[in-house]
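If you want the building blocks of each chain, they are given just below.
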Amino acid sequence: MSSNGIRDQVAIVGMGCTPFGERWDKGVNDLLLDAAKDTIASAGVTLDDIDAFWLGTMASGVSGVALSKPLKIDYKPVSRLENFCATGSEAFRNACYAVASGAYDLAMAIGVEKLKDSGFSGLTGVRPVGDGTDAALSSPAAFSFVAPAYAHRYGVDAEEMKQVMSRIAWKNHRNGALNPRAQFRKEVPLETITRSPLVAGDLCVFDCSGVSDGSAAAIICRAEDAHRYTDHPLYVKALSFVAGPGGGASDPDYDYTTFPEVVRSAQDAYRQAGITDPRAQLAMAEVHDCFTPTELVLMEDLGFSERGLGWKDVMAGVFDRDGELPVNPDGGLKSFGHPIGASGLRMLFECWLQLRHEAPPERQVATVGPGRSLGLTHNLGGAPGECVSFVSIVGPEPSA
Amino acid sequence: MTGNVSTGILAWGVYLPYWRLQRSAIGATLGGPSGRGTRAVASYDEDTTTLGVEAARQALSALAGDPPDDLYFATPAPAYLDKTNATAVHAALELPEWTGAYDLLGSVRSSVAALRAAHAQAATGGTRGLAVLADLRTGLAGGAEERDSGDGAAAFVFGPDGGDAPVAAELVAHAAVSAEFLDRWRTPGESDSKVWEERFGQEVYVPLVEAATAEAFKRAGIVAADVDHLALAGLHVRAVQAVGRSLGTRPEALAADRSSVVGNLGAAQAGMLLADALDRAHPGELIALVVVADGADVFVFRATDALPAVRADRVSRGATTVAESADAGRDDLPYARFLTWRDELRREPPRRPDPERPGAPATWRVTPWKSGFTASDCRACGFRHLPPSRVCLRCRTIDEMEPVRMADVRGQVATFTVDHLAYSPSPPVVGAVVDFDGGGRYRCEMTDVDPDRLAIGTRVEMAFRVLSTAKGVHNYFWKARPVATAADEGTDGDRGGDA
Chain U
1 MSSNGIRDQV AIVGMGCTPF GERWDKGVND LLLDAAKDTI ASAGVTLDDI
51 DAFWLGTMAS GVSGVALSKP LKIDYKPVSR LENFCATGSE AFRNACYAVA
101 SGAYDLAMAI GVEKLKDSGF SGLTGVRPVG DGTDAALSSP AAFSFVAPAY
151 AHRYGVDAEE MKQVMSRIAW KNHRNGALNP RAQFRKEVPL ETITRSPLVA
201 GDLCVFDCSG VSDGSAAAII CRAEDAHRYT DHPLYVKALS FVAGPGGGAS
251 DPDYDYTTFP EVVRSAQDAY RQAGITDPRA QLAMAEVHDC FTPTELVLME
301 DLGFSERGLG WKDVMAGVFD RDGELPVNPD GGLKSFGHPI GASGLRMLFE
351 CWLQLRHEAP PERQVATVGP GRSLGLTHNL GGAPGECVSF VSIVGPEPSA
Chain E
1 MTGNVSTGIL AWGVYLPYWR LQRSAIGATL GGPSGRGTRA VASYDEDTTT
51 LGVEAARQAL SALAGDPPDD LYFATPAPAY LDKTNATAVH AALELPEWTG
101 AYDLLGSVRS SVAALRAAHA QAATGGTRGL AVLADLRTGL AGGAEERDSG
151 DGAAAFVFGP DGGDAPVAAE LVAHAAVSAE FLDRWRTPGE SDSKVWEERF
201 GQEVYVPLVE AATAEAFKRA GIVAADVDHL ALAGLHVRAV QAVGRSLGTR
251 PEALAADRSS VVGNLGAAQA GMLLADALDR AHPGELIALV VVADGADVFV
301 FRATDALPAV RADRVSRGAT TVAESADAGR DDLPYARFLT WRDELRREPP
351 RRPDPERPGA PATWRVTPWK SGFTASDCRA CGFRHLPPSR VCLRCRTIDE
401 MEPVRMADVR GQVATFTVDH LAYSPSPPVV GAVVDFDGGG RYRCEMTDVD
451 PDRLAIGTRV EMAFRVLSTA KGVHNYFWKA RPVATAADEG TDGDRGGDA
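Taken in sequence, the protein lines are chains U and E.
Note that the first sequence covers residues 1 to 400 in my numbering.
Note that the second sequence covers residues 1 to 499 in my numbering.
Chain E with its partners taken away, still in its complex shape (with noise of 0.2 Å):
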């Protein structure tokens, strides 16, 4: 953040669920309040890693010129541990293979490392760092956090200007204040959060946010009114609300948390909050990020000349920005799936095998399939084959094949089938035969899909999930899903509509 080239965020991508919950279907079902608004959930085949994929493509969608050095996942609900999960995400996005990958595990404070880390990388190596940040919170039936929190991802690309991808906004300074004292807490494998009470917490929190904020404005060079945007980000809510009063920034400048439509995402929300800024900002304009986790930190941001370009960038690859993602969800989750999705209700399984623990080697020989969907396309004759093959399906030619990613590739239904018998944990399974643009056809199932409103020539693009998960393996793979924005750049429509 010193010296001549200014380093800061390059690109962005904000991943949300498609599903929201009901709040007042806790209530319906439990008897008792209910709340108001709706939450975000990850899918039964969604987990942290899952959610940090989405997110970290749509930042890398609209991203010129080098992947990044190294990648940085952050977030207390990891689906592995000892192994890592950042290379899980490392491989789903196809990154080289000397990017590094990292988890940051554990603690909501651990989104604030991801972003410092990929920062430090720019500000200090002048290469680029890619932070993912993800959370998938449960809590118990019927209690505060399962109510108010919420799932979702955001990644950020930071680097230093003037490479094939400007500065949108340069992170002009960052404070910190640390602070042992128990507020929020929750031990390895329980689902749900214990806290304190919370006007302890809100005691203890506000002069610690209030000592960062200070330290960040002074290193800045600038004074609380000077702040456009400020992004409040923590779960300790009341401790939120009574500094957004008391930090002496201008009213109009506290930016709307959206928890009414999408809940508390946790250690992604900070994400959240400063892409919704970045969405919003004007060049110039400055943006006070601030997470309140274990003491606080403090993030200045100013937005450049380029912001506009790289927002307009975006839009045009198909991203969206958190007010659309926010208000696209599908709110009739019923709240005895979440709970069964969430393994807060036992349910009878199917009469049907227990999924298969997929095989390490198997699954590392055919890597760049499995996680990267990469067909195959015959040099010969120009098939394209998914999954790849070493034969030409067409011209029978051995060994000559290229590679050809296909997870960003769109395509569209060419015929479906809805499958009762199949063993999912959410059934019924919807089996699909996809035909991608450009050439291509694969069988596989969908996901965040209303059978209902499927059919033939219907718009899909292709996402990261988890099939199943088995012997404590989660088998990662690609589904395909309708494409929730309706201005698809789908050119083809009467392709594959015979079958």
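Extracted from the complex, chain U is given alone in its bound form (with noise of 0.2 Å):
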């Protein structure tokens, strides 16, 4: 695919989060007005001074108002968008084009979502009228089919397998514990997540990433701007979108061991970076963990691991806090929570505290360091056979 990409044009200057969970106690509203408030605080600036907004949510809300109303925005552009559970990371996408374009000096991207009020377990959307012959099958069930699939393409045992799934759950509980904005901070013992109940096929409830409320913002501006608003700013260096035929449940050459969106999104993004060994070059990535064997095939879909691999390299070690790449240090969709508007913007968040250093010295990752400073966040939305696909790369650097 062919993408001019954007380079070192903008920068992030400042970010906000708040703590994702079961939120009771704030709605929509309030959750957009938290992150935003801190994500300006962030930046050194105030709401008036930002030209442009980019809101984030899969079904919390509908148009611009749904931010200008709570915020009080004087008569300013916002774009509401939407784009499964990739919708924070197109929010930001466009922040940055509309900020490289000239076109603004100063934009926000905002993601949010409220799950928790709708009274059920799981996701539940807001569909169009249809002719009833979609497969009722829930997400737990769509993605389900990837774990045997490639147990079985790559000779992997149903007990090893189950191994793997719960070594990803049993590091990235064990990332959340130590993060104060997640919704599950206590490690879970290995066997606590083998044990727990099934929701759809070989997944259990702890395969499963956390239904949630929260909420997360950036500020961008132009590169050559960033130090007018802090001395640490990230560079964003690659944005690939892209969004697949979605025939794979109707393709018969269709495994279910891959997503081809993230090949294509992962080879795009660093092509724009300048990337050649990811594994090597990235010094952490936050990636789509919706479900525990999403996470094993994107390690090889991102070109962390080999094909067929990845599951050794997860046994390993290799992505754990203090691995050799770390994934997910904040604690993941898994433990942190995935409010689906804001996952993608939170993702960035991390590689805002990380990469600048900002991380508790605890959670701190080892990797980033001269030489080796780059992150990467992936977020994928849809199902196996039928997603969309975000990769970005940031850094604390511009490029020589």
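Worth double-checking, as some hints may not be accurate.
A short list of chain U residues far from chain E (calculated; beta carbon distances all over 10 Å) [claimed, not checked]:
id: 1; residue: 82
id: 2; residue: 180
id: 3; residue: 307
id: 4; residue: 316
Residues from chain U that face chain E, not an exhaustive set, calculated with beta carbons under 7 Å [said to hold, decoys possible]:
id: 5; residue: 120
id: 6; residue: 132
id: 7; residue: 137
id: 8; residue: 138
id: 9; residue: 141
id: 10; residue: 250
Think of the hints as simulated: they come from the structure by calculation, not from any bench.
Just so we're clear, the structure is a prediction, and the values are computed from it rather than from any experiment.
Built from N, CA and C at the ideal position, the CB exists for glycine as well.
Can you join these two chains into the complex? Each is in its own frame, and there are hints to help.
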């Protein structure tokens, strides 16, 4: 695919993120305001300084008024976007392009979701009037095809596969335990994970990400203006977004062991950022671990592991917080929680903390240092065979 | 039934659902005496329309030549009022739009009207008529109706001889008597019938049946002893048993009613018994079908020389005999689940949103897909799309698609999942990715399936079911189910196993 990229043209100069979780105490408007307040404070600006806004939410509000009204924004452009679970990343991407184009000096991308007020378990969507022919499978069921397919293709026996999945959940819970903003802040023993009740296929409760409320935001300016706002901006190295043809469920050649959309968006992002060896060049990655087998397959689709060997890297601790390439050091969707519209920006928020050495010492990753300072965020939306994928790469230094 | 060309049954099908309820399970739960044997139970996703579709699919699968000109759908338990149910059957069968589709609703005797209408069309118009008889009977918990009745459907194509399909059983004569009296009744909306004292009904029925039989035999020019197969249908069991002894037929002619296995199928019982006789009759033998309902109807059929060949053809196309279908069910349905399926037991719903009602325009636009399970093949590269697509997934050619009906194509499970979270009236939902013989893949729900016995490679066929009912709208679509018969013709056993 062809994309020109906007490497080093824009920078993040402020970020904020609310605690995620069952936020019975906060409505959508409160969450938006809390995230926006933290973010403008982080950049040292006022709302009035911001020229344009991009609001990402899947189902917690419609139109720009969903943001302009609670924040009392004075007659400025506010766009509302939705792109499945990659909604927050989509808000960020569009804000970056608007600034890179020169149309605006300062833009805010903000994502929010209020899932818990529905009163239901799991995700509930608002869909247009349909013809009634869509299979009624839940999201965990749609992703549950991945684990047995992977195990079958690469000869991993069922017991081993279960251990691999559980270890991913264990790692992300362990990371989240140290994160005050995370929904679940407890380490969970491996056997508890493995023995938790089945949700769909081989997926247990602990293989699924947290259903939560939350909001996160970023302020973006042109790279050359970044130091007006902060001594430590994060430069945007790559932004890639793809939507697939959505034919996986009809395609006998699709085998559920990969997300082709992720492969494409990763290749594009690496090309934009000049990355040739992501496992060595990236200092950390925040990836879309909606279910544990998703994270496993992402390790291969994003080029962190050889095809068919991701499971061995997982078991060897390569992606642990103190591993060779820390993945989801903030706890990921699994433990930090997954308020749809906010998740993409939450991933960037962790890069904002880690790459600028602002994470508390007990959870600062050791991989960030001279010569190795890039972070990747990966955000997936949809289901295997029918999804969108976003990859960004950010770093604290302009490229040489 | 007069004239030069004989008319009669060209093809038939019987559908008995997968599930059987052991009568002992009722007694075990409620206390009190337990009955013996089982009854057939339609699954939570079946109604009389889907039962009828299954029977009619079987009938039409073995019918060469023209499709029926008219379809008559009879049931006392319709899925809809005001709206025609036969049109849903018509759509699922993908009959031509000029085939008429009509309901005969309400009474058990409607089934006779459907048979007569389908035959009259053949006899007077020289065209083919399809009669579909379906019933789904519930009754109150612990009652005789719940215990002794059953669910099922039968379908018959009537037509003139001499076309592509020969008459397998010629209708020789029919006679009816009608009588107004209160034996069994039900007001609309109720699931349980009321009956008057049994002995009263017997007193009234027996002479009516004897009169109708005598008249039918007279019109056929036969005597009772000539009858080789006597099929007696009726919900008044004592009356039916009494006439079995009083009509003067040979004792060995009396056909077993299979009620100990499937129960009394109500409006479908006459159809099941007629089909059962057709499964067994030799050329030239006489079949008397007696229907005891608000009077009596007697049909006299003569098996033709073509019957054995028609039967062999049915079997070769995967159709089963009544005996095989009756014995094939799964008999460990818990009584509590039966009560839940029939809305007799209110259960805590899952914490998931209720299913949405499908939109009428959106549904109408995709009728060939939704009702007929019609996919599209790309004319440029041959790729098969389920659901149909205007743009080819493989070669991206636009609007060069050929419709292809997949409802009767078998396939095998490429991968599957058991979904404990998705909404279902009978959780868990089993979802499967199916690779169809000859190409095409689709992800759908499964039904009539034991997840513990499901595996990659399991052979499946498609079944027309109710996906959900919301705001009074039944959302009909197709699910996959394991192929019930052992003799599946699948040859490509290794395909799709890598998913």
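For each hint, the structure was consulted:
1. Look at residue 82 (chain U): its CB is around 19 Å from the nearest CB on chain E, clear of 10 Å, so calling it non-interface holds up.
2. No Cβ of chain E approaches the Cβ of residue 180 (chain U) within 10 Å, the least distance being about 29 Å, so the stated non-interface status holds.
3. Annotated as non-interface, residue 307 (chain U) keeps its C-beta farther than 10 Å from every C-beta of chain E; the closest such distance is 15 Å.
4. No beta-carbon of chain E comes within 10 Å of the beta-carbon of residue 316 (chain U); the shortest separation is about 27 Å.
5. Proximity of residue 120 (chain U) to chain E holds as hinted, the smallest CB-CB distance being about 5 Å (cut-off 7 Å).
6. Annotation: interface hint on residue 132 (chain U) holds; nearest CB of chain E at approximately 3 Å, less than 7 Å.
7. Against a cut-off of 7 Å between C-beta atoms, the interface hint on residue 137 (chain U) holds, since the closest Cβ of chain E lies about 5 Å away.
8. Hint status for residue 138 (chain U) relative to chain E: holds, with the closest Cβ pair at about 4 Å, below 7 Å.
9. The interface hint given for residue 141 (chain U) is met, as the beta carbon of that residue sits about 4 Å from the closest beta carbon of chain E, less than 7 Å.
10. With 7 Å as the threshold, the beta carbon of residue 250 (chain U) comes within range of chain E, its nearest partner Cβ sitting at about 6 Å, so the hint holds.
In this structure, every one of the numbered hints holds.
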